[in-house]
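Asker: Please work from the sequences and hints to get the whole structure.
2 protein chains.
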Amino acid sequence: MNPQSDRKMTMKRILIVSGTHGNEINPVWAVEQFGKIHNYIDNDIEFKYTIGNPLACEKGLRYIDQDLNRSFDLNKNSNFGNYETKRANFLVNQFGDNGNYPCNIAIDLHTTTANMGTSIVMYGRRSKDFCLAALLQNKFGLPIYLHENDMQQTGFLVEAWPCGLVIEIGPVAQNFYDPMIIKRFLIILSSLRAEIRNLEKNITKLPEKLTVYLHKGSIDYPREKNGNIKGLIHPERINRDWQTIKRGDPLFLDINGKTISYEGEEKISPVFIGEASYKEKNIAMSLAKKEIIFSTIEWIEDFFVT
Amino acid sequence: MNPQSDRKMTMKRILIVSGTHGNEINPVWAVEQFGKIHNYIDNDIEFKYTIGNPLACEKGLRYIDQDLNRSFDLNKNSNFGNYETKRANFLVNQFGDNGNYPCNIAIDLHTTTANMGTSIVMYGRRSKDFCLAALLQNKFGLPIYLHENDMQQTGFLVEAWPCGLVIEIGPVAQNFYDPMIIKRFLIILSSLRAEIRNLEKNITKLPEKLTVYLHKGSIDYPREKNGNIKGLIHPERINRDWQTIKRGDPLFLDINGKTISYEGEEKISPVFIGEASYKEKNIAMSLAKKEIIFSTIEWIEDFFVT
Chain A
113 MNPQSDRKMT MKRILIVSGT HGNEINPVWA VEQFGKIHNY IDNDIEFKYT
163 IGNPLACEKG LRYIDQDLNR SFDLNKNSNF GNYETKRANF LVNQFGDNGN
213 YPCNIAIDLH TTTANMGTSI VMYGRRSKDF CLAALLQNKF GLPIYLHEND
263 MQQTGFLVEA WPCGLVIEIG PVAQNFYDPM IIKRFLIILS SLRAEIRNLE
313 KNITKLPEKL TVYLHKGSID YPREKNGNIK GLIHPERINR DWQTIKRGDP
363 LFLDINGKTI SYEGEEKISP VFIGEASYKE KNIAMSLAKK EIIFSTIEWI
413 EDFFVT
Chain B
113 MNPQSDRKMT MKRILIVSGT HGNEINPVWA VEQFGKIHNY IDNDIEFKYT
163 IGNPLACEKG LRYIDQDLNR SFDLNKNSNF GNYETKRANF LVNQFGDNGN
213 YPCNIAIDLH TTTANMGTSI VMYGRRSKDF CLAALLQNKF GLPIYLHEND
263 MQQTGFLVEA WPCGLVIEIG PVAQNFYDPM IIKRFLIILS SLRAEIRNLE
313 KNITKLPEKL TVYLHKGSID YPREKNGNIK GLIHPERINR DWQTIKRGDP
363 LFLDINGKTI SYEGEEKISP VFIGEASYKE KNIAMSLAKK EIIFSTIEWI
413 EDFFVT
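Residue numbers (my numbering), protein chains in the order written: chain A, 113 to 418; chain B, 113 to 418.
No lab work stands behind these hints: they were computed from the structure.
Among the hints, a few may not be true.
The list treats identical chains as one, so a pair stands whether inside a single copy or across any two.
[Unchecked claim] Lysine-lysine pairs mimicking BS3-like chemistry, simulated, CA-CA at most 25 Å apart: (1) K171 to K391; (2) K402 to K328; (3) K313 to K240; (4) K393 to K171; (5) K337 to K358.
This one's a predicted model, so the numbers in the text were calculated from it and none came from an experiment.
Answerer: The following block contains the structure:
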């Protein structure tokens, strides 16, 4: 095989991961349904489907030993014995760039209890990711959450692939099947497939620019000294993900009815507001700053470079 | 102490239980907030507040070993070593009719991921429960779910007290604080207090009748032979709790897009549609039949009999 044909062969294999968190069940259903409609090899694109965390799915838990979607710092990882570390290694050995069935795009499907709508999460500023994200945003106007420079939150699954996005849809309760949420995943999967085919056929035109929400950090609930939460997300803040706030806007309401306000100087957009599984991470919401990024032709060119 | 004063002393002690399921966190917050406003001894009524399942609350899980709210068959129970059995015994020893701090009303606060609104759940047809439920329905028009004659589902907490209701509010995700849900619990707690004070003052008038939804059974998801769910709640059914359905109305949608319909002869109202924690109980929804029950003066008279 010459390098050129090898490149093409690798390029078109897409890994679709659901159930990376075992209590996010709608993506698992959506992928099973998508797989029934779209054969594994569909024209120029080959799909690989996998359940990220099958044991956690079986038990209806987010994870067994640790969050799988923070377990892909494979070199840093010292917890070699635990289930998710083993599982992360297995997935990379199977489907990673040098794995048994090398995929060079990974799409990881998640749900949130927060009122985020359908959104795209990117980790860092990789050209290939920008290319796919720009095409999806152009089609649907989806918000893009660009996660970078947070030492507290590392080891995300898609970072272990040369190109990868998270699709995050909410609000939906954990372990609750919602046909509307499933439908939204199916639309995204079909569109991704269509956009990648257009890229292959060289008929893609990138939008001039894209809007991203740049991750600036996260804030915790107000807590007692013993760690108990002593303030709720304020009623004016709950369910208002992506909405820009300014100094003085309410964030929390404590048990005595006192409002705790945002004291930062810059305007910012809270996301993952009240996400149920982030309490243990000491995150009440994350804060993101709107930024415009202009497209470059390299995004498309890089997309074809392995 | 003469029997009369002893009766009065017992009558007015109300146990408010939250966190019977450890991942239903809004009632815990509501009760803490209610307790700050309403002192433990408030005119003629004494409140006792307790967390049903503190260890499960700490871990954000529904339960540790088994569902606490199915663990109050204290005589039948054979799992003496497990956490919830011990906890059920402790709660009855502390707050039961013959306990250290005898309460003769128990109000157990729950949330559901189903779109039930604010509702009252009664177990069996006890006069005292009817009395309280009728007063709340009269005030707010709340639906009453009357659970009886289900051998699969027994040992509910409030059954271990001479009078007791469950207040069930949804939809809300597990482990997600929602200030609107908390507000609804606070309204119910305040109203219960007001209604019980009116009963004490003998200024209560019962409504002529009340509407209950009588539990007729539960149905499971369609499943593969290996137990995997192979059909979702149908989009026309999801979030439509309490709505009456007839033969031929859709119930489930299987992965191939085939609709599975309701085949029963009688009109029925599904409730707890898609409740996340009931999948493990093989319940996709419960079915209830609307029934009118006429009030009797005995409901009030019995309310004062210990």
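Asker: Please flag the earlier hints that this structure goes against, numbers listed from lowest up.
Answerer: 5
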